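Enquirer: Below, each chain spelled out in residue letters.
2 protein chains.
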Amino acid sequence: MAAEHIVKAFDSDLQVLSCSVAEMGGLAEKQIADALKALFTHDRDLAREVIGRDLDLDRFQQAIEQKTILTLARRQPMAVDLREIVAALRIANDLERIGDLAKNVAKRVVVLDDVGAPPQLMRGLERMTNLTLSQLNQVLDSYSNRDLSAALTVWRQDEQIDAICTSLFRELLTYMMEDPHYITFCIHVMFSAKNIERIGDHATNIAETVYYIMEGRPITEQRPKRDTTALHVT
Amino acid sequence: MAAEHIVKAFDSDLQVLSCSVAEMGGLAEKQIADALKALFTHDRDLAREVIGRDLDLDRFQQAIEQKTILTLARRQPMAVDLREIVAALRIANDLERIGDLAKNVAKRVVVLDDVGAPPQLMRGLERMTNLTLSQLNQVLDSYSNRDLSAALTVWRQDEQIDAICTSLFRELLTYMMEDPHYITFCIHVMFSAKNIERIGDHATNIAETVYYIMEGRPITEQRPKRDTTALHVT
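Protein chains in written order, with our numbering: chain A, 318 to 551; chain B, 318 to 551.
There could be a bad hint or two in this list.
Once the Cα atoms are required to be at most 27 Å apart in a straight line, the calculated BS3-like pairs of lysine-lysine come out as [to be verified]:
1. 384(B) <-> 384(A)
2. 420(A) <-> 420(B)
3. 354(B) <-> 420(B)
4. 325(B) <-> 420(B)
5. 325(A) <-> 420(A)
6. 325(A) <-> 384(A)
Counterexamples of contact, computed for chain B against chain A with all Cβ distances above 10 Å [as the list claims (entries may be wrong)]:
7. 371
8. 479
9. 488
It should be emphasised that the hints constitute simulated quantities derived from the structure, not laboratory data. Note that the structure is a prediction, hence the values are computed from the model and not measured. No residue lacks a Cβ here, since even glycine has one placed at the ideal position from N, Cα and C.
Turn these sequences into a full structure, and let the hints steer you where they fit.
Expert: Below is the structure:
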């Protein structure tokens, strides 16, 4: 009876953890969507909201860390249960970093002037954002459903984000060279693009964590990687 | 007798963890120093070494995570012991991120042409690097010695790095505006400077973790913060 009680309490601990991570994931998605919406529409008020809300993600991470540690120390879990707990810790960490990256974009919006940027520049960034949001959404679903194949799909698709980022950097450089008037604006867009690309990297980290939960080992396959922005600034 | 044995084994677990973190810290310092040395001396071979060695830091982090989790699950530690273990996990995480940031700088070196940059530009970056390395060194010492006051000194000094970064960004912008020939080079320096600034942020995270070990609660004081690079690119 006592043992059964402990098992039930432990299952409920795991469920609470998993729900917290999913809820935190939803907030992180909202932060990215709003930060970029603020950038595209020059909405400084929305950007300030994003900056303010970042604290909520920090608090989520602290709460998940706390819960994780207590569960580890109290329940001495093994095998897949242990991996579930470690996964919650890792994903919360990725989501917190995603929040920081969204906040960084929002900070730029607050100080950025509307210089009437060429629409195709912003279109590249918008495509990157949509793809990244879709990747994050899919990987969070794969975590909720413990869906290995969906996680692997996300993991393999990251190179698309990298490819758009690389071509965007090349385009931005051309604008800067041609008209120094655009330099400041383009630097902001470059840093924002780099932040979105990093969000994509965190989505693939989460995919790796889902793999680790289900397979009990890290992915050994080589991930396709096309981030050559460092190359194409030359 | 059995209890005493367990206590001794636990102390030894903690010592092993603490030593691993210190060793990982030494490697992270070396990675930053070498990445920046490679940048200042246009040494692509050294840059490639840095890129290759990043895997060692990743492995360190995985090993520390593994050890941490096993210790938590096996020993059910409480109070300061629990905080010691959580701290090892957090610091290993910061050091792994620091390694990534150093690797990012090294990647730029591999593709960067020597455009004969104005020496004062590189001097700003060199000052920033030295200050950041000294901050990291001090904070790792404060962890090894469990020295609260040294940790707090590092925590409060981060604004100096931010201030140099801000003034460097302003200078870089001027060069880019005046001569488009410098644009590519200056963008690489900007991204490198931003990476170093982030390394500084991780050093302050470590300072916060030392505080948490010793005081059992997060720092509530408001940290002086002068990162206005987002502002000064406008």
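Enquirer: Of the hints stated earlier, which fail here?
Expert: 4 and 5
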